[in-house]
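Trainee: One letter stands for each residue in the lines below.
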Amino acid sequence: MTRLAAEGLAVELPTGWEGEIYLRTDESVPAAGTAGTAGTTTGAPGQVRPVLQLADFALPRTRGDFGGGAVELMGPRNIFVSLFEHGPESVGTALFATPGPPWPVKAGEFGPNRLQRPLPGQGGGQWFFHHHGRAFCLYVVIGSYALRALLARPLNHALGRIDIAPR
Amino acid sequence: MLVLVILEGVVLALLAVLVVGLLRSHAEILRRLHELGAGAYDDHGLETPRMRTQPGVAEPRSVATPAHDVAGTSPSGSAVAVSVVDRPHTTLLAFLSSGCLTCGNFWNAFAQGEGEHLPGLDTRLVIVTKGPEAESPSAVQNLARGPAQTVMSSQAWADYEVPVSPYFVLADGRTGRVVGEGSGTTWSQVRDLLEQACADAGLGTPRGRRRDRLDGPGRERLADEELRRAGITPGHPSLYGRSSPDDAPTGGSEAAS
Numbered sequence: 008m009t010r011l012a013a014e015g016l017a018v019e020l021p022t023g024w025e026g027e028i029y030l031r032t033d034e035s036v037p038a039a040g041t042a043g044t045a046g047t048t049t050g051a052p053g054q055v056r057p058v059l060q061l062a063d064f065a066l067p068r069t070r071g072d073f074g075g076g077a078v079e080l081m082g083p084r085n086i087f088v089s090l091f092e093h094g095p096e097s098v099g100t101a102l103f104a105t106p107g108p109p110w111p112v113k114a115g116e117f118g119p120n121r122l123q124r125p126l127p128g129q130g131g132g133q134w135f136f137h138h139h140g141r142a143f144c145l146y147v148v149i150g151s152y153a154l155r156a157l158l159a160r161p162l163n164h165a166l167g168r169i170d171i172a173p174r
Numbered sequence: 016m017l018v019l020v021i022l023e024g025v026v027l028a029l030l031a032v033l034v035v036g037l038l039r040s041h042a043e044i045l046r047r048l049h050e051l052g053a054g055a056y057d058d059h060g061l062e063t064p065r066m067r068t069q070p071g072v073a074e075p076r077s078v079a080t081p082a083h084d085v086a087g088t089s090p091s092g093s094a095v096a097v098s099v100v101d102r103p104h105t106t107l108l109a110f111l112s113s114g115c116l117t118c119g120n121f122w123n124a125f126a127q128g129e130g131e132h133l134p135g136l137d138t139r140l141v142i143v144t145k146g147p148e149a150e151s152p153s154a155v156q157n158l159a160r161g162p163a164q165t166v167m168s169s170q171a172w173a174d175y176e177v178p179v180s181p182y183f184v185l186a187d188g189r190t191g192r193v194v195g196e197g198s199g200t201t202w203s204q205v206r207d208l209l210e211q212a213c214a215d216a217g218l219g220t221p222r223g224r225r226r227d228r229l230d231g232p233g234r235e236r237l238a239d240e241e242l243r244r245a246g247i248t249p250g251h252p253s254l255y256g257r258s259s260p261d262d263a264p265t266g267g268s269e270a271a272s
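Keeping their order, the protein sequence lines are chains A and B.
Quick note on the working numbering: the first sequence kicks off at 8 and runs consecutively.
Quick note on the working numbering: the second sequence kicks off at 16 and runs consecutively.
The following block holds chain A by itself, in its conformation from the complex:
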């Protein structure tokens, strides 16, 4: 069992999954509410924020926080997960008011129009929540919206292995 752990995030990777936990340090952190669709920033410039990405396919070395460069390589049965932490100033705001974590997620919560970069056949979902005083956005892409019920099971299996520690 492969374990990834850094920045208060940890995950026991299911067999066949891979991932990365990296720090995002530039000043173009996307605004909350739109997964990577805005050029505005939230929080203090230069703030360091961890991003956890998981996938059951080979992740390319260069990719975006919300899967740009990776989701284009997905097959219909592949899954991509990005758990993006927002700054402490987001905790307590209405957008992150839902206590988390949000998993297990339901197949009905996915939509073909909830993708940061719409690609034919794919489906996406986005959940904002707070947990242990930390604000997160969970963004998931499934390779086939039509197979959302089938893909929800391995997705929730992987999500259930994520552990968020208090800061």
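These are calculated hints, taken from the structure and not from any lab test.
Values in this document were obtained by computation on a predicted structure and should not be read as measured data.
All C-beta atoms, glycine included, are put in the ideal place defined by N, C-alpha and C.
Simulated restraints, written as ranges between beta carbons of each label pair:
1) E176(B) <-> A156(A): 39 to 45 Å
2) P83(A) <-> L116(B): 41 to 47 Å
3) P178(B) <-> G140(A): 46 to 52 Å
4) R160(B) <-> A156(A): 40 to 46 Å
5) L157(A) <-> A245(B): 31 to 37 Å
6) D215(B) <-> L157(A): 34 to 40 Å
7) G140(A) <-> A126(B): 41 to 47 Å
Fit chain B to the supplied structure of chain A, relying on the hints for placement.
Mentor: Same frame as chain A, but now just chain B:
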């Protein structure tokens, strides 16, 4: 008549001597061969002839190991895990170091994109160095300029029992086994070994494999991949002809990890 009988007897005697001589000679040859370890009926005491490699090139180990996933850190310090086992493709693990001269050939080759389109089942190249306790992350980052994923993991070196760098391991994700391994001084040598290992394992070559396997969606994905390599991503103005760039769909301002 008597003379003929005597002559025939002499000839038979000479032939008998000749046959005895041949038998003794044959016995001597067999004895010498036996001393050299080539006895036809021996089933013990045989030793495999020792393989020798060029100076500076690692010798392959005698026993293959099962494949393992690779976990460690990226040169930039991220925690990263690459899946090798239980995958539908093969993975070529390139165990390199930042210091060895021979490894420089491979760092340069991979930086120039030589690690793409490898033989096998959609073979993915992953460069593995020892961990930050044994390698300089900044030195590795300067060398790892290509598109291949680079993982710093001493545990992976231990898992695969890597004897020395450079060393290459080809793992079949479907079976979870190492199907080929070895070393070389140049990328062309290693690529030849890789093609041979793939052929021996029945993994085919890229040209034949792709033509035989890809269906419509597969070809579409391949085309998307090629476009992405060329820098043409969704929303790129070149995809929308002469229309105004304002017509293109908006995309996120994502940054590379």
